[in-house]
Amino acid sequence: MLDSLLALGGLVLLRDSVEWEGRSLLKALVKKSALCGEQVHILGCEVSEEEFREGFDSQINNRLVYHDFFRDPLNWSKTGEALPGGPLGALRAMCKRTDLGPVTIALDSLSWLLLHLPCTTLCQTLHAVSHQDSCPGDGSPVGKVHVLGLLHEELHGPGPMGALSSLAQTEVTLGGTVGQASARILCRRPRQRPTDQTQWFSILPDFSLDLQEGPSIESQPHSDPHISPVDPTAHLTFNLHLSRKEREARDSLTLPFQFSSEKQEALLRPRPSQATSHIFYEPDAYDDLDQEDPDDDLDI
Amino acid sequence: MAAVATCGGDAGSVGSAVATASKSNVTSFQRRGPRASGTNDSSPRLVSITGTRPSVRNGQLLVSTGLPALDQLLGGGLAVGTVLLIEEDKYNIYSSLLFKYFLAEGIVSGHTLLVASANEDPANILQELPAPLLDDNCKKEFDEDVYNHKTPESNIKMKIAWRYQLLPKMEQIRPVSSSRFGHYYDTSKRIPQELIEASKWHGFFLPEKISSTLKVEPCSLTYGYIKLLQFIQNIIYEEGFDGSNPQKKQKNILRIGIQNLGSPLWGDDICCTENGDSSHSLTKFLYVLRGLLRTSLSACIITMPTHLIQNKAVIAHVTNLSDIVVGLESFIGSERETNPLYKDYHGLIHIRQIPRLNNLVCDESDVKDLGFKLKRKLFTIEWVQDNYLRQERNIYPPGFSYLLKQKDSAWGEGSLQHSTFLMSFLAKATAFASRLVRHSEPLKQTGSGRICQAAGPRLWHDGRRQEAPGLLGIPP
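Chains as they are written, first to last, in full-length UniProt numbering: chain A, 1 to 300; chain B, 1 to 476.
Derived by calculation from the structure, the hints in this document are not laboratory data.
Please note that the accuracy of each hint is not assured.
[Said to hold, decoys possible] Within a straight-line C-alpha distance of at most 27 Å, the following computed DSS-like cross-link-like pairs (lysine-lysine) qualify:
1) B:Lys368 with B:Lys343
2) B:Lys373 with B:Lys189
3) A:Lys96 with B:Lys209
4) B:Lys209 with A:Lys144
5) B:Lys227 with A:Lys96
6) B:Lys377 with B:Lys189
[Said to hold, decoys possible] Negatives, chain B to chain A, calculated, CB over 10 Å:
7) Arg53
8) Ile196
9) Lys209
Just so you know, even glycine gets a beta-carbon here, dropped at the ideal spot from N, CA and C.
Isolated chain A, as found in the complex (with noise of 0.2 Å):
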């Protein structure tokens, strides 16, 4: 699942925190895209370009595209080289990309263009550029964009995350037990229900994916084994099955309205014994009973 990643398209959110880091998915993702020869572009934010570029020969760095933001984000030096516009600019140049074929876009990272640009105005920038291929005006087919944002969620609150989950197709949350990390995957197809899958993977030294099956294969969707499924007839105080018995007893009863055959005999028939019901009445102090029944001078 994890090396599909990039077939959806659209914007994918690796989520890391402190004790599982991120970049090194990142790279790797970067240099898969690079090898299956798509255009990256890497809009560095958080570490320099060649702590960056460490680790990936020379094949792989020739096709990437850097924007450096690191060294001069404020463009104080006025060198000239720095693109217009900061990261902001950078990312609306892409959304008016001319050529064809599919790019990546990776953010390196997220979190620093959160920390540093308005979170509506970043998020509306992210939604042109992953959209891009939905829409084509000249009716070219535009390959498909990804971006992959590194995202630390740690430094943000719920509401950020909140609203970039919304608007990613994929998010990728690391974590993992002791030396193993494993990835959750969730993802969030426009008209399906998501997805959630657990990958377990180790990274390689020449940042290539290993995929592994990891110490325990969890595909369920978020089941959990501490919960089991709640019974609402467990703590009932009566009695909502019947036995065997029970429910043969019941079958076999005649209801009052049914009217078989048995029933309709039974009236019929003569009773043998017409006894009649004796009220047995002892009046009481009080009671004022008159001996004349007013309704003996109706004549029916």
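Based on the hints, put chain B in the right spot on chain A.
The following block gives chain B in isolation, referenced to the frame of chain A:
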């Protein structure tokens, strides 16, 4: 009318006289002569626009939301001039479906559409609308759908509750012709292209509108909303939905759909921060929008990702500023997915608010636990308890009271006790069976001034039983 019901016994004779007088509706207000417009008939002129109908409660003009089940829950439909706010579910699957149903209903009824979105081109949204189900093939589709879900248990005819076999379910699915109110749609098919082309629609795609003004600070927070409001106002004015073009003989309804309002793509940071600069821009937008809608023949649906809004007070403001608020909660990824009570459903639907338009009370449905299910072709809304207690109906028919024995001493001696578990479905049955009965205490303190007395006969010293208003709430 409320005063009549509570008059005391000593004024009994006077009270009865007043009662008869009020029943004959004699008032001191007399209608004037023939109307100035010159119609000779004394009946009010009915506005007969296709796809609308007057409400049975107060005559308000209603349009269908596209889902007849939802129409039933909202008291007949969406009133013209009001806003239907849908609180999105977490992955925006079902709320976009409701959005599309609304637009598809507009196309089938011949209304004008206005689709506004910040993340999808309106033309693409219209391409993905579900196809309407027409008369001839509709019944066949439903029969095979129902058949697929029949389990062996449900084939057993009810023996004890035989009277309730013919009870209608929550939603009567019957084929409707194209001229009626409320249609059914097939979500597995797309709407035919010729229907879209025959319809009139306007689209507002935010990135197109602001792309030309990159020099202006585009993260100006109310900028997107200002443009949208201007756009809506222009359409309403130019096409005469507010009556500004009196030459237009044929009145029509404008259906406005706004997708993902409040998300950062609209330029609003209400989902990003708790106390941003633009914490009031959304509420101002809704206020102005409602003003535009009230003065025109239009109805609006808005989907909003309220689960992302950080400041909960804003959600309360937004709820107050909208008319109907429906919340969708999907079970994807939540622990409710494993709950057997919810195993047949994809989520819950919460009707959070229903407006009181020209009324003192609103037509709230009594059923509070509603679940929805997206089948292959249909989106159905059902009462959640139905699922679990369906098999119980064979043992304990609703409408009766039961004394239940304790589990341990099932058929032996034991103490008897009522259970709240079964009372819930008894409540549903009684609510259905006695529709005019109101509870003795209103569910919400609406402050509308209706006095509902507790039940019970009122015996007076002379033995005559006064009329007990009791539980029977006489509708106004």
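The hints, checked one at a time:
no.: 1; hint: B:Lys368 with B:Lys343; in the structure: holds, 18 Å
no.: 2; hint: B:Lys373 with B:Lys189; in the structure: holds, 18 Å
no.: 3; hint: A:Lys96 with B:Lys209; in the structure: holds, 16 Å
no.: 4; hint: B:Lys209 with A:Lys144; in the structure: holds, 24 Å
no.: 5; hint: B:Lys227 with A:Lys96; in the structure: holds, 23 Å
no.: 6; hint: B:Lys377 with B:Lys189; in the structure: holds, 8 Å
no.: 7; hint: Arg53; in the structure: holds, 32 Å
no.: 8; hint: Ile196; in the structure: holds, 17 Å
no.: 9; hint: Lys209; in the structure: holds, 12 Å
Comparing the model with each earlier hint shows no violations; every hint is respected.
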